[in-house]
Amino acid sequence: MAAQLSSALIVVDMQKDLCWDGRRKQKVAEALPPLLTAIDAFASMGSLVVYTYFALPPDDEQFKRFGDRYCIEGTEGAELISELAPLRGPLLRKKKHSVFFETELDQVLREHGVDVVYFAGLQTQICIMTSMADASFRGYRAVAIEECVVSTRDEVKQQALDWIRTYVGDVLPLSQVTQVMEAR
Amino acid sequence: MSEQLPNPGYRFLGDGMASFTTFFRNDLLPRFTNDQLARQADAALLETGPGRHAMTCDSFIVDPLIFPGGNIGTLAFCGVANDLLTECARPESMLMSLMVAEDLEPSILDTVLDSLSRLCQVTGSAIVGGDTKNLPAGSPQLIISMSAVGRVGRLGSPLGFEHVEPGDSVVLTGPVGAHSIAVLSSREGLGFESVVRSDCRDLGATMLPMVRSSPHLHALRDATRGGVLAVLHELTSSHDLEVVVDVAEIPVDNEVLMACDLLGLDPLELANEGCMVLFVESTGAAAMVEALRSEYGFTRACVIGGVAETSHGVGGLVLLVRDGETRVASQSFGTGIPRLC
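Each protein sequence line maps, in turn, to chains U and H. For the first sequence, position 22 (counting from the first letter as 1) is numbered 114 according to our numbering, and the numbering increases by one without interruption. For the second sequence, position 94 (counting from the first letter as 1) is numbered 125 according to our numbering, and the numbering increases by one without interruption.
These are calculated hints, taken from the structure and not from any lab test. Be careful, since some hints might not be right.
As the list claims (entries may be wrong) - Simulated pairs of lysine to aspartate or glutamate, EDC-like, Cα-Cα distance not exceeding 20 Å: (1) H:K164 - H:E136; (2) U:K187 - U:D198; (3) U:K117 - U:D151; (4) U:K187 - H:D94; (5) U:K156 - H:D94; (6) H:K164 - H:D141.
Claimed, not checked - Label-pair ranges, simulated between beta-carbon atoms: (7) U:K156 - H:A74: 38 to 44 Å; (8) H:L288 - U:G205: 29 to 35 Å; (9) U:Q199 - H:S268: 47 to 53 Å; (10) H:G169 - U:Q199: 51 to 57 Å; (11) U:E165 - H:R243: 41 to 47 Å; (12) H:A339 - U:K156: 54 to 60 Å; (13) H:A74 - U:V248: 43 to 49 Å; (14) U:R157 - H:G328: 52 to 58 Å; (15) H:R243 - U:R115: 57 to 63 Å; (16) U:Q199 - H:P167: 36 to 42 Å; (17) H:D277 - U:K156: 37 to 43 Å; (18) U:E165 - H:L77: 51 to 57 Å; (19) H:D141 - U:E165: 28 to 34 Å.
Every residue, glycine too, gets a C-beta built ideally from N, C-alpha and C.
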């Protein structure tokens, strides 16, 4: 039976390896307070909150292609950062950049009657962009919460948000998101 | 009918005779049966008949092996078929070499071989021989090497870059970039794989009559690795010509544009597997585009530019006109082009 909910928040890849990487540690620290506020707002209003995480094999092909190693299955670096505890919704493993790629997320969202999907987490210029594109192709309205998405560099984040506005969805400040949520 | 032998997997395809025999009898012969293959000789015999023949070969490696719109088998067949089409020939006899990883999922190889078999049946092409080898477990999982020969059926003047003249129009058969994006997205999970499909297709199945008889057609090339720009650079750098392209005329699907914008790629440099660039006498270009659209199903065929004498004292220039500004297109040397086919 479909629930009455119509919005969901996807918290993308807030994992130790990615968040505490020296290149973006400060950016994550800045994004955490609004992110925790957003999670609390969604959960308090009964909206679905889903956390995604990478858990990659040690010899994953993308390590060769991108020259970086992160979130290896079973390592501490693959764990979500402790600041998110306790989790307010299900945890979903993903293998690739889009949160929909060979995951059950689409099915979970449909079972909950979701039509608007909000995105937070990192990184804006790859996993957030591709996930929002995928969401829009699947018929969802996709919204990035501006203060809650993270990139290592500000200009890269702005370019990514411009791309999102141009092609796949909206970018809203948290204050506006909570207003919309309360009005629904 | 031969007795079916138990399949020991793909180990020892190169060395173990029993293993190869099993694979040949169970997996290859039923799918590609023809007199020459059934002879199981070391060389195939061909009745070539009179006239000229075109011959080509190519090797195919792609990750993932199955992608939206095709697989490495369709890629291999269409790749050599489209190459032959540039000389107005169809693949009549083919040789196929399979390099198979020991741990390749059998259902994937079945899918690939089934696709190849279907294409052979539909086109009347015959795989008359080939070879198998093992790859160690891991990546790549499958490499296909394909050779093909076919009779040149062109009526009238021959085709080739040497026949392209200043004043010719450059015609494109359809949208560009979909193959690269479909493969890249399904490999990296970029979210576009649900909406972008490879354009992989055997173009000769539809446009051969036009290639055979059009008096205005001077040359054609399939825009595979390096895309449309690679074809144009190949022409201008080898024949001291200049090509001017109106970028706004080049058809690109919106989702492909989105992905290119995301990934910092130029759709003109992306590999296609079902897109042909034609060089056509300008007086016949409009009629050819109309025919491609209405008679041959290339609904987005269009003129994208023209060929000119070199105007800068040096050959090899491809000029891109965008928003009224003209710039010289640079040539990519490998790293900028995802190695997708």
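Checked hints:
A hinted pair counts as satisfied when its Cα atoms are at most 20 Å apart, and K164 of chain H with E136 of chain H qualifies at roughly 16 Å. With a C-alpha separation of about 15 Å, the suggested pairing of K187 of chain U with D198 of chain U holds against the 20 Å cut-off. With a C-alpha separation of about 26 Å, the suggested pairing of K117 of chain U with D151 of chain U is violated against the 20 Å cut-off. For the given pair, K187 of chain U sits about 16 Å from D94 of chain H by alpha-carbon distance, which is consistent with the 20 Å threshold.
The straight-line distance between the Cα atoms of K156 of chain U and D94 of chain H is roughly 14 Å, inside the 20 Å bound, and the hint therefore holds. As the CA atoms of K164 of chain H and D141 of chain H are separated by approximately 17 Å, the hinted pair is consistent with the 20 Å bound. At roughly 40 Å, the beta-carbon separation of K156 of chain U and A74 of chain H lies within the given 38 to 44 Å, and the hint holds. At about 32 Å, the beta-carbon gap between L288 of chain H and G205 of chain U stays in the expected band of 29 to 35 Å.
The hint said 47 to 53 Å for the Cβ distance between Q199 of chain U and S268 of chain H, and at roughly 52 Å that hint holds. One distance hint, 51 to 57 Å for the beta-carbon pair G169 of chain H and Q199 of chain U, is violated here, with the actual separation near 32 Å. Checking the proposed 41 to 47 Å range against E165 of chain U and R243 of chain H shows it is violated: the Cβ atoms sit about 57 Å from each other. At roughly 44 Å, the beta carbons of A339 of chain H and K156 of chain U sit outside the given window of 54 to 60 Å.
Roughly 58 Å separates the CB atoms of A74 of chain H and V248 of chain U, a value that falls outside the hinted 43 to 49 Å. Separation of R157 of chain U from G328 of chain H is about 37 Å and departs from the stated range, judged on CB atoms against 52 to 58 Å. Between R243 of chain H and R115 of chain U the beta carbons are some 59 Å apart, a value that agrees with the proposed interval 57 to 63 Å. For the hinted restraint 36 to 42 Å between Q199 of chain U and P167 of chain H, the CB-CB distance of approximately 37 Å keeps it satisfied.
For D277 of chain H and K156 of chain U, the Cβ-Cβ distance of about 40 Å falls inside the hinted range of 37 to 43 Å, so the restraint holds. Between E165 of chain U and L77 of chain H the beta carbons are some 53 Å apart, a value that agrees with the proposed interval 51 to 57 Å. Checked against the hint of 28 to 34 Å, the pair D141 of chain H and E165 of chain U passes, with Cβ atoms roughly 30 Å apart.
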